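Q: Listed here are the chains, written in short residue letters.
There are 4 protein chains.
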Amino acid sequence: MSAIEQVVREIAEEMRERPDRGDVASYIPELARVDAGQFGLVVIDADDNVAVGGDADVPFSIQSISKVFTLTLALGRVGDRLWERVGREPSGSPFNSVVQLEYERGRPRNPFINAGAIAVTDLILSGHQPREALGDILRFMQFLAEDSSIAIDEAVAASEQRTGFRNAALANYMKSFGVLDNPVDYTLGVYFHHCAIAMSCRQLAMAGRFLAYNGRNPSTGLSVVQAERARRINAIMLTCGHYDGSGEFAYRVGLPGKSGVGGGILAIAPGKASIAVWSPGLDANGNSHLGRVALEALTKRLGWSIFGA
Amino acid sequence: MSAIEQVVREIAEEMRERPDRGDVASYIPELARVDAGQFGLVVIDADDNVAVGGDADVPFSIQSISKVFTLTLALGRVGDRLWERVGREPSGSPFNSVVQLEYERGRPRNPFINAGAIAVTDLILSGHQPREALGDILRFMQFLAEDSSIAIDEAVAASEQRTGFRNAALANYMKSFGVLDNPVDYTLGVYFHHCAIAMSCRQLAMAGRFLAYNGRNPSTGLSVVQAERARRINAIMLTCGHYDGSGEFAYRVGLPGKSGVGGGILAIAPGKASIAVWSPGLDANGNSHLGRVALEALTKRLGWSIFGA
Amino acid sequence: MSAIEQVVREIAEEMRERPDRGDVASYIPELARVDAGQFGLVVIDADDNVAVGGDADVPFSIQSISKVFTLTLALGRVGDRLWERVGREPSGSPFNSVVQLEYERGRPRNPFINAGAIAVTDLILSGHQPREALGDILRFMQFLAEDSSIAIDEAVAASEQRTGFRNAALANYMKSFGVLDNPVDYTLGVYFHHCAIAMSCRQLAMAGRFLAYNGRNPSTGLSVVQAERARRINAIMLTCGHYDGSGEFAYRVGLPGKSGVGGGILAIAPGKASIAVWSPGLDANGNSHLGRVALEALTKRLGWSIFGA
Amino acid sequence: MSAIEQVVREIAEEMRERPDRGDVASYIPELARVDAGQFGLVVIDADDNVAVGGDADVPFSIQSISKVFTLTLALGRVGDRLWERVGREPSGSPFNSVVQLEYERGRPRNPFINAGAIAVTDLILSGHQPREALGDILRFMQFLAEDSSIAIDEAVAASEQRTGFRNAALANYMKSFGVLDNPVDYTLGVYFHHCAIAMSCRQLAMAGRFLAYNGRNPSTGLSVVQAERARRINAIMLTCGHYDGSGEFAYRVGLPGKSGVGGGILAIAPGKASIAVWSPGLDANGNSHLGRVALEALTKRLGWSIFGA
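Protein chains in written order, with the numbering used here: chain B, 411 to 719; chain S, 411 to 719; chain U, 411 to 719; chain C, 411 to 719.
Derived from the structure by calculation, the hints contain no laboratory data. Accuracy of the hints is not assured; some may be wrong.
One copy or any two copies: either way a pair holds, since identical chains are not told apart in the list.
List of simulated lysine to any residue pairs, SDA-like, C-alpha gap at most 20 Å [said to hold, decoys possible]:
{"#": "1", "residue 1": "Lys710", "residue 2": "Asp490"}
{"#": "2", "residue 1": "Lys710", "residue 2": "Gln636"}
{"#": "3", "residue 1": "Lys682", "residue 2": "Val460"}
{"#": "4", "residue 1": "Lys710", "residue 2": "Glu420"}
{"#": "5", "residue 1": "Lys710", "residue 2": "Arg626"}
{"#": "6", "residue 1": "Lys682", "residue 2": "Val462"}
{"#": "7", "residue 1": "Lys710", "residue 2": "Ala637"}
{"#": "8", "residue 1": "Lys710", "residue 2": "Glu638"}
{"#": "9", "residue 1": "Lys682", "residue 2": "Phe587"}
{"#": "10", "residue 1": "Lys710", "residue 2": "Val635"}
Because the structure is a prediction, the values reported are computed rather than measured.
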């Protein structure tokens, strides 16, 4: 058993015991029903060794983690023109704040707050039907994870579509400033569906590998994106990946990461590993509580912080 | 000549030619008088080799770069109790914004915006006379840089004291919420003076070494701070070190860094180098324009980004 | 010819000459097409004498002036329970700002900013079909103006429905906080349609009489609302009737008033007159430029300011 | 006994009984010591008849009510040039908010929030020594009230000077934008002192008469300000006189008024009366609770609302 495998198992065991589990997202019934006792951790290293701990193969709603992949896909399609629509600075606000949009005339601060991710989705949608755009996103995830069984949880998507008034407010607001090209309903439809993709920690860590290895899939050697683009996506994950808890995550964990309200976090140790962790209970900023705790332990024990050994 | 030395000289030469130099800070006459044509770059590696380029030994006003060192000093004195006074999230606002203070009841978002640095200065001051506190800060800089000639530019300090109304507003505002313990004038006096420390790129890169090498001085082997603390300070530099241009700096340069309106930037390549760059012209966010350009070139050519080789 | 008639004619003539006419609202083609050279003024005194000047019988889009009447109708239906949903303080922001909504958890500051008027419309809609609610509003206007020919301009309504993304943002935002009871589309549909009611100055001044005469129709003597309610609606018109130009209107005109982006203003001289003015060109706050100028002249010449003779 | 006298006595008696008295301002010890059981009411009509109720001759700290008189004085000195420094729109924020200042580059929204009153004080001070400026303000109050015994409570002034950090923040903030001409300490000194003027309800109602009677002193017939200026000051009192409770005061009382945290309110019934009320307990917006209740009863019983009989 490798050092990584040992640390992953240890942490999975420690997390199973902990009483502090945060609160499961309650805003849609499909998320609220998830058992808060679950915990999964998967680490895939540069040689494609997979270390698993806990509920590593249970699918969960990736929610905002999908924003990393839609950003990647959109950059591939429109290139740096994307940055005319969306900034890349931390927001200093909650994930669904509309205040910043008003002060900056409809331009979202970064692609990882909801408004920014909706604007990125709109770019992917342009020139396509919603169904096609969504198919492209899903196939991209399956390709990265090398797993064609990855699917959208339609019940989650439908529920978000029914209750996502705050996101509808953000989308309409940007539309009023011309930041969206497509009909608001189309863009929101694609957005709600890609947030509803269900993946396990194993699938997610597989999908994130290109960010750890300079844009390449380490098993096939194929380039997904250029090395510079992978670095830059990592940089945005570091500064903006955890909403208004991004500073805290950088301070404690020291890795680029992106969280979702389903309780998942994708973290990248550049050159070393792609990491996925899942624990459904959230902290006050909407990030997985034990997920962050586990990653803090992991980087400490393995000396993986990008800020020093 | 080492690879690092060669890259440093190349970049210094390239920068000398560039016509785009930004605008020299004009808010105090002492800074406005500086010749925008100057450029300095110093890189000190893990073996304490010093690579120099351009005006490496011309002292400049370090301004906000001093905040890295006052934060380090204050953490040494009061430990994590410091975080009760100051947060560690990016602000999403200009360096001197008071809006965030009002919404968060006088608690600054991080130690690198002006309000946060004033609150940190106040912690250093507690239990001391302003003159003593300032002496401690200066001696700490001299100790880190191994150079007892480092001094405060009294003309700059006096000028800031005369015109620093915005900082006085921030300090009084925090005082009204009980965030400062000492008389506002005392705290501001120490703050204006430590921002007015004059250092060359060489001195600054020397002073920053402990952040690159897990808290240790690589020549003496002496520990300045624990490794974890060094990592965490680097993390805050990455997320908050360039005000509302922090995301951009992470995206382009990929290193923890702290800028000052004097045109200096201290950047840290963990495990690899302590870097100081200086060019007096600033961009719209108040960060050295060519300083950032030079660091982007440096990390690219040497593969030093913390986000991937 | 009475003194009032003379002043009204004088002012209408003076306004016809003035070159400064503001800018016609351009956000929907139907409003942009209106001839900026038009000007109408109608004053109806306590004895129901009607003084007319200029284009007194040309119908225009009343837009936000409808908010006075929907507020009156909603107060009649739900009473002071309305104030649980909507405040009655000036907003200190533009008419379509969403910032205040975020800081006050979805509760609009007053019924005369867009968000507040949408919330009021939602209360009128509750328990009804959109078509019924809209019929009630239209019949109320016809009853007050004693003119059954008043109608909705369907082209304006359709255009606003197609392009009203900012209002859709406000409505969805409030919906996310539970401030709206009905489907967002229903509420917005009724809102866009009542803003698209077309009336002439004569019809508008007729409709406003109950506010000038303690809640009563001076010709029939019938009570529309209690005297106290009429006073209170006037108070809200004074403090909130002109968006972020309300202070200016009070300062210059000295009467309660409500403006619309169609260029109309309804003003009330309590005990003395109901006044309607119309000039399509707007000032920077979205209020009729010459409308305000005319009302300032009127109150000065007739000594009608509520702040002193 | 006149109708007014009877109403004044009734109300004074009713207020004495009420258990709901609000909370006495606690931020300086001098104000916190005041007995919350006190209540005074004075009404002076157009014939200079004085109706008194309760503690009509007990002096209290007029605090922000002084802003009405410094505005009048400053307008007399610099005329409408004053409005280049200060706006006249309601702020939509608490009395001591700094947020609006940041969004509007240091220009206060109106002369009755703290920032605006400090800017007005600065205009009065220009070209004078602080002692002279303060003497001018005090003499103006004595002249208006026809009572040379009116004085500054030095203990209150000293206490505010010691603890007024929030006001110091506002002043320094404006100074940084060039909105103040004089040294911050001078301007604040004069400001704190004129807020510390102590007056009884009788003295205050006397001083306010010129606002009720078109700018004239009704007993001497002398003009204090032009009629139009008096009307306009009344307009600003109506829209901005009670901070973020101005809409509520207009809605309930229906008179221009200005409150102070000492518990006093000056209210103006144009053409009818100058009114002063005092009860030290405050509501959540910092306005006298029973003062407002008493004025609501008064205007209702006497039919004095400016919004309808």
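Q: Indicate, hint by hint, whether the structure satisfies it.
A: Here is how each hint holds up against the structure:
no. : hint             : in the structure
1   : Lys710 to Asp490 : between (35 Å within a copy, 18 Å between copies)
2   : Lys710 to Gln636 : between (29 Å within a copy, 13 Å between copies)
3   : Lys682 to Val460 : within (12 Å within a copy, 29 Å between copies)
4   : Lys710 to Glu420 : within (13 Å within a copy, 37 Å between copies)
5   : Lys710 to Arg626 : between (26 Å within a copy, 18 Å between copies)
6   : Lys682 to Val462 : within (16 Å within a copy, 32 Å between copies)
7   : Lys710 to Ala637 : between (26 Å within a copy, 11 Å between copies)
8   : Lys710 to Glu638 : between (27 Å within a copy, 9 Å between copies)
9   : Lys682 to Phe587 : neither (42 Å within a copy, 44 Å between copies)
10  : Lys710 to Val635 : between (29 Å within a copy, 17 Å between copies)
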